[in-house]
Amino acid sequence: MTRANGNRTFGLGVAAGVAAAAAALVGRKAVSAATIGAGHPLKHRALDLASGLLQAKYPVEAMSTYLNGFHMYADDMGRQVEASHFCIHLQHDLHQCVIFDRNAADARLIGIEYIVSAERFAELPEDEKPLWHSHHHEVKSGVLVAPGIPEIAERSYFEDLVTTYGKTFHTWQYDRDDFPYGIPQLMMAFTGDGQADESAVAERDRRLGVSSSQRRQKRAGIPTPEVLPGANPWESGRSVQMRLEEVDFRRP
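If you count the sequence shown from 1, position 122 lands on 122 in UniProt numbering, and the numbers rise without skipping.
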């Protein structure tokens with residue numbers, strides 16, 4: 001009888017724990033929905049909450065890596081913005097990332113990035129390569145970080161990422177506008193010391209509890225790859241950028 005009561009007590013404890021966890025999840029969803037949906041009609045907020053609890057979202061759930069770094073506009077180094085990447089390792093030589101202005105429930109979606117291996121980049125058409133940037137300095141400088149990841153795991157990840165190339169477009173110029181006006185803008189990455197805004201990096205480090213300088217020291221042993229021709233076109237003094245153009249409409 002005592003054992004049965006003990007098992008019953010244990011079962012009740014597990015059930016209570018599961019119920020508490022579910023309540024916490026619902027609570028987080030409710031708080032998130034309340035925060036994001038402020039000002040929305042109640043029926044819309046209720047639908048958002050129900051969708052968050054009941055719908056499977058496989059592409060979003062597959063985003064296994066969170067990276068934080070900085071981008072500059074391809075035609076203007078003076079315009080630099082922080083970028084929080086959430087990435088999927090889609091193929092052995094291809095990652096795809098969605099980019100937000102920060103890691104928060106109400107973050108603004110500001111762009112996308114595709115990341116390929118050096119081998120894949122080398123095979124790209126010559127007129128495609130100027131859209132891409134190298135990641136060697138982002139990794140070696142410590143400016144690109146994976147917050148919350150154990151050091152040994154982060155180092156292993158960046159040993160691979162240091163040789164890769166990225167193509168990034170920002171759809172929201174949030175450094176200038178409070179709304180996603182205009183057309184996508186091509187972005188680039190830093191390739192040398194003194195290019196990134198040190199005050200912005202320091203503020204990011206403080207907020208996320210990371211140290212770019214320590215990351216730099218600990219990554220010193222990661223070999224610096226040779227940058228393949230065609231990437232980082234702005235280093236030549238010329239670059240490429242998106243422009244809006246009126247064209248004739250085609251009918252079938």
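Hints were generated in silico from the structure; no laboratory data involved. It cannot be assumed that every hint is accurate.
[To be verified] Computed list of lysine-lysine pairs in DSS-like fashion (alpha-carbon distance at most 27 Å, straight line):
1) K129 / K140
2) K167 / K129
3) K140 / K57
4) K167 / K140
5) K57 / K167
[Unchecked claim] Ranges of calculated distance between the beta carbons of each label pair, as one might list FRET restraints:
6) V240 / L42: 23 to 29 Å
7) D178 / V240: 44 to 50 Å
8) R108 / S199: 36 to 42 Å
9) R243 / P125: 18 to 24 Å
10) I112 / P229: 38 to 44 Å
11) I112 / R216: 38 to 44 Å
12) I112 / D178: 27 to 33 Å
It should be emphasised that the depicted structure is a prediction, and the values quoted were computed from it without experimental measurement. Backbone N, C-alpha and C fix where the C-beta goes; we use that ideal spot for every residue, glycine too.
Structure-based check of all given hints:
1. K129 / K140: 22 Å, holds
2. K167 / K129: 9 Å, holds
3. K140 / K57: 34 Å, violated
4. K167 / K140: Measuring from Cα to Cα gives roughly 19 Å; hence the hint holds.
5. K57 / K167: 25 Å, holds
6. V240 / L42: 23 to 29 Å: Check failed, 47 Å falls outside 23 to 29 Å.
7. D178 / V240: 44 to 50 Å: 27 Å, violated
8. R108 / S199: 36 to 42 Å: Cβ of R108 to Cβ of S199: about 22 Å, so the range 36 to 42 Å is violated.
9. R243 / P125: 18 to 24 Å: 21 Å, holds
10. I112 / P229: 38 to 44 Å: Roughly 25 Å apart at Cβ, these two residues miss the hinted range, so it is violated.
11. I112 / R216: 38 to 44 Å: Violated, since I112 and R216 (Cβ atoms, about 27 Å apart) do not stay within the stated range.
12. I112 / D178: 27 to 33 Å: Because 21 Å falls outside the window, the suggested range is violated.
Going through the hint list in order, the structure does not satisfy hints 3, 6, 7, 8, 10, 11 and 12.
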